[in-house]
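Given only the sequences and the hints, what does the whole structure look like? Please build it.
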Amino acid sequence: MENFDVEIAEILEVDSVNMEDHLTSFDCWDSLTILSIIALASETYHVTISASDVNGAASVGGLKSLIQTKVK
Amino acid sequence: MSKVQYILVTGASSGIGSFISKCLSQNYNVIIHGRNTDKINQVISECNNPDKQLAFVTDLQQFEEIEAVLGKFIIEKDIEVIGFVHCAGFMNMLPAKMMSVAAIQKTFSTNLFSAAMIVKVLLQRKVNAGALKNVVFISSNISNFGAKAFSLYSASKAGIDGLMRSLAVELAPDVRVNSVLPGAIHTPMTSAIFQDEEKAKSMLSTYPLGEGFPEDISNMVEFLLSDKSKWITGQQFTVDGGRTIDISG
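Order-wise, the sequence lines are chains R and C.
Quick note: the first sequence uses this note's numbering, first residue 1, plus one each step.
Quick note: the second sequence uses this note's numbering, first residue 1, plus one each step.
To be clear, the hints were calculated from the coordinates, so they are not data collected in a lab.
By construction, the Cβ of each residue, glycine as well, lies at the ideal position given by its N, Cα and C atoms.
Mixed in with the good hints, there may be bad ones.
As the list claims (entries may be wrong) - To be clear about the criterion: a stretch of chain R counts as covered by chain C if any three or more of its residues have a C-beta under 8 Å from a C-beta of chain C, and this derived list gives those stretches:
| # | stretch |
| --- | --- |
| 1 | 3 to 9 |
| 2 | 29 to 40 |
Stated by the list, open to error - Not close to chain R: a few residues of chain C, all C-beta gaps over 10 Å, as computed:
| # | residue |
| --- | --- |
| 3 | Pro-50 |
| 4 | Lys-52 |
| 5 | Val-57 |
| 6 | Ala-149 |
| 7 | Arg-165 |
| 8 | Ala-172 |
| 9 | Lys-199 |
| 10 | Trp-231 |
Structure follows, in structure tokens:
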């Protein structure tokens, strides 16, 4: 998942992200962003996550851990 | 001696296509198409007269190969294909900012381009001897509407309905061509929509007739393949429990 930070920054429409950033703190945070993250997990990492998984992850780091766990 | 006649159903190894194939096997010989041989054989074993049904294994995303692969299949089996039901579909909820060339190719190859190439093959006299009489495309009720994250899928379904109308005009009176536009039916392809139980419940509450099932689509397909619809071509048949006509606040 070496490009995760760049990929998630692109989805969140910012230049860079920190692992402790809260997902809901981003200006573009909405249902379409959640769908974009679900699509990223599916298309790039071949794992299935739900909208409630994404909401439950809370932070960028939490999201990365969630996908990492599923990849393994 | 006349050749044995078949209906070709694409995307028949699971979901609506699998159900349609099993229903059609009551009255027709069916070519069960899919990508996975084991899954196809499972569907065939659940059909009426399993020994009469044929497996056709190919990946429709490689639509450039369909002309050669399907033509060879029909000639080698020495059969006639009288009907074609295009059930194969790919759906991925993808917001506009996540669109990619790969996603566009995958969606359109499966949902639209492959259907066009299959019709072309089935019209070739040297392959199918003018046997084709009926085509039914499984479109979607989103073909005429819109929804967030469905841009590519709805464009591909609108495309297949455009293909359907022009083919209906071009191929009349020999071949009838129609589309069935289902609402959301719980299948492996739509599992993402039904993943969240609460959201699924909320969505299904917008269907005046409640949840729909594969048999609801299959019944319409059987009607369109039968002589009961002999004066119908070039039409979209929405089968969605009233979902798209409900403008209640």
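For each hint, the structure was consulted:
1. Counting residues of the stretch 3 to 9 of chain R whose C-beta sits closer than 8 Å to any C-beta of chain C gives 0, which falls short of three, so the coverage hint is violated.
2. Residues of the stretch 29 to 40 of chain R lying with their CB closer than 8 Å to a CB of chain C number 8, which satisfies the three-residue condition for coverage.
3. With a minimum CB-CB distance of about 33 Å to chain R, Pro-50 (chain C) clears the 10 Å threshold, and the non-interface call stands.
4. At roughly 37 Å from the closest C-beta of chain R, the C-beta of Lys-52 (chain C) stays outside 10 Å, upholding its exclusion from the interface.
5. No Cβ of chain R comes within 10 Å of the Cβ of Val-57 (chain C); the nearest lies about 23 Å off, and the non-interface call holds.
6. For Ala-149 (chain C), the condition that its CB be more than 10 Å from all CB atoms of chain R is violated, with the nearest at approximately 5 Å.
7. No beta-carbon of chain R comes within 10 Å of the beta-carbon of Arg-165 (chain C); the shortest separation is about 31 Å.
8. With 10 Å as the threshold on Cβ separation, the claim that Ala-172 (chain C) sits away from chain R holds: the shortest Cβ distance comes to roughly 41 Å.
9. The beta carbon of Lys-199 (chain C) sits about 8 Å from the closest Cβ of chain R, which is not more than 10 Å, so the claim that it is off the interface is violated.
10. In this structure Trp-231 (chain C) is separated from chain R by more than 10 Å, as the shortest Cβ-Cβ distance comes to about 43 Å.
Violation of the numbered hints given earlier is confined to hints 1, 6 and 9; the remaining hints are satisfied by the structure.
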